[in-house]
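S.K.: Below, each chain spelled out in residue letters.
2 protein chains.
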Amino acid sequence: MCKDWYKEKKVAITGGLGFLGSNLAHELVLLGADVTIVDPMLPLYGGNLFNLSGIENKVTVNYADIRDAGAMDVLVKDKDVIFHIGGQTSHVDSMSDPFLDVDINCRGNLVFLEACRKNNPDVKIVYAGTRGQYGVVNTTPVNEEARLRPTDIYGVNKNAGEKYHLIYCSAYGIQSTVLRISNTYGPRHQMKHGKYGIQNWMIRLALDDETISVYGDGAQLRDFNFVDDVSRAFLMAGASNAANGKVYNLGSGSPVSFRQMVKTVVELAGSGKIEFVEWPEERRIIETGDYVADFTRIKEDLGWKPQTGFEQGIEQTVAFYKRFRQHYW
Amino acid sequence: MCKDWYKEKKVAITGGLGFLGSNLAHELVLLGADVTIVDPMLPLYGGNLFNLSGIENKVTVNYADIRDAGAMDVLVKDKDVIFHIGGQTSHVDSMSDPFLDVDINCRGNLVFLEACRKNNPDVKIVYAGTRGQYGVVNTTPVNEEARLRPTDIYGVNKNAGEKYHLIYCSAYGIQSTVLRISNTYGPRHQMKHGKYGIQNWMIRLALDDETISVYGDGAQLRDFNFVDDVSRAFLMAGASNAANGKVYNLGSGSPVSFRQMVKTVVELAGSGKIEFVEWPEERRIIETGDYVADFTRIKEDLGWKPQTGFEQGIEQTVAFYKRFRQHYW
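Protein chains in written order, with the working numbering: chain A, 1 to 329; chain B, 1 to 329.
No lab work stands behind these hints: they were computed from the structure. Every residue, glycine too, gets a C-beta built ideally from N, C-alpha and C. Be a bit skeptical, because a hint or two may be false.
[What the hints assert, rightly or not] Covered stretches of chain A, as calculated for chain B (at least 3 residues, CB under 8 Å):
1. 104-110
2. 147-153
3. 166-176
[To be verified] Some chain A residues well away from chain B (every beta-carbon gap over 10 Å; in silico):
4. L42
5. D80
6. N120
7. I198
8. L221
9. R222
10. D228
11. T264
12. E278
13. D294
14. Q316
15. H327
So that you can see chain A by itself, here it is in the shape it has in the complex (with noise of 0.2 Å):
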């Protein structure tokens, strides 16, 4: 997949240092790119410099803000491909501060794309979107061109985000893939709270032996992918010219209950306990229910489907933080 097209290019990522963006890092080292890490550390924020341990010789780091637009005027220049993953990211922080909400996620995103119009016009970016932008679906599975009616001001704003990226690519030519990408979970993963990535959140709990709590029956479908899964169609999304201009969902083609989740998680890590409690007010507001995703047209487009079981995945994960727990907790 794409193995030689990314040796000696020069590929930045946004939100770097963070999941995605770090988890992308390594495979791109791997692949021979020249890769620069942009990163804000904002505090509560997923990025740490653990997550580039391996690799903290072969890459650059640049801290920078997607708002700062000196910044990114220069860090965009001369890159073939930038995978833009940086945003606030967490639903309810959304509700209860929804200024930074579209500071970051819309003006953010004009700052970066303007710098890349102005300073690198043959740029290809790679959005991260996600499921929230479909909010309430009336009917699974979710393709592409379901309607999108958010519930959070945070679904919103990746929304307005996603549509900033194809109005630049249409009006600009600014050549722009968006993943919308699901429930991810895996390494390098923030474990300090679980305002967003709950299935990490859940695995930390579990392996602390604390109570985790499901709301309601747990009986919402969620459609999980192992962090491996997603940086692979990030990588073929930036080496397709066939991907410019398009949306792709990614899912797992297995959708697991939430309550299936947590039991599964307790399982593997072989601690924790469930309880069954009411929604929370803040949660209960912006819940969505049942999502599964349709990813029919990466596959057919891109060839990509995911590798890795949600068995093995979390197994992965829980063997990760075992060993990593103090660059974490």
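Based on the hints, put chain B in the right spot on chain A.
M.R.: Frame of chain A, contents of chain B only:
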């Protein structure tokens, strides 16, 4: 139509010195409402004190921008209904200065909604959406379930504004209705430039006996509404609980080609010439093609339909500007 409903109701109108807002203010004064006009009088926007001519002593005018949190906190208090019309409205400007558009149409909307949530959660809001949210459409007529693929930053951000209202409705119970208005023309529109409200601009050019440029062959269909019909839709939505949390298209039922619109304007103005020219680049890259609205939903839910034919509306508009030219040129 909801004639008694507005008597002594406390109503605010953002963008109330502009085109649609001021026409609505005239109607509301007739209906006996207690009207507060909120407008920032931004240069190049539609605000014009002459728009209140005849009702200037019957309304309260408060100069304030929706981005002004302190002013919004006070102004939304004790209102029964707020017609939220203020915003950045130029497609072209949203591309040349996307940051201003995001600041007004995203952040500004959140400032306004947060003010309502904190100070008047029982208020009813009618938000002015736009057919620009649809962008390029696959088939016409377009109903409210059609996919939203805006071609410019304005369309993206107006859509974000709509979704913010729907989320503040679903999450916090703030009663909101969205009207996606089509191309609207009529008295009290700014006549200084053609950055938005293109059909009114054509009327100015004709009255000045100028040459009107039609881009391409001018065959693209547009759906024009006379402003009185649009005002009536806002009044009906504001008075209806059935409209809460809903999105409605407005439309004419009789789409007109751009070329035909210009011909009618020249004929009824009795002056002006037409020339066909190439699309200018800044318009071409954001052009959407045909737009025809399906407004069945608002007809069924609220009983609204337009009452002013296109020629009749243009005649009234021409007569208005012939009489009051000095206040708009």
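S.K.: Compare the structure with each hint and give your call.
M.R.: Cross-check of the supplied hints:
1. 104-110: Holds: 3 residues of the region 104-110 of chain A have a Cβ under 8 Å from chain B.
2. 147-153: Holds, because 7 residues of the region 147-153 of chain A bring their Cβ atoms closer than 8 Å to Cβ atoms of chain B.
3. 166-176: It holds: at least three residues are needed, and the region 166-176 of chain A offers 5 whose Cβ sits within less than 8 Å of chain B.
4. L42: holds (19 Å)
5. D80: It holds; A/D80 is separated from chain B by about 25 Å at its closest Cβ, greater than 10 Å.
6. N120: holds (18 Å)
7. I198: holds (19 Å)
8. L221: Non-interface label stands for A/L221: nearest chain B Cβ at 21 Å, farther than 10 Å.
9. R222: holds (21 Å)
10. D228: Correct as stated: the minimum Cβ-Cβ distance to chain B is 32 Å, above 10 Å.
11. T264: Since the minimum Cβ distance to chain B is about 31 Å, A/T264 lies beyond 10 Å and the statement holds.
12. E278: Per Cβ check, A/E278 is outside 10 Å of chain B; nearest 17 Å; holds.
13. D294: holds (16 Å)
14. Q316: Holds, because the least Cβ-Cβ distance between A/Q316 and chain B comes to about 36 Å, which exceeds 10 Å.
15. H327: holds (36 Å)
Consistency note: the structure conflicts with none of the earlier hints.
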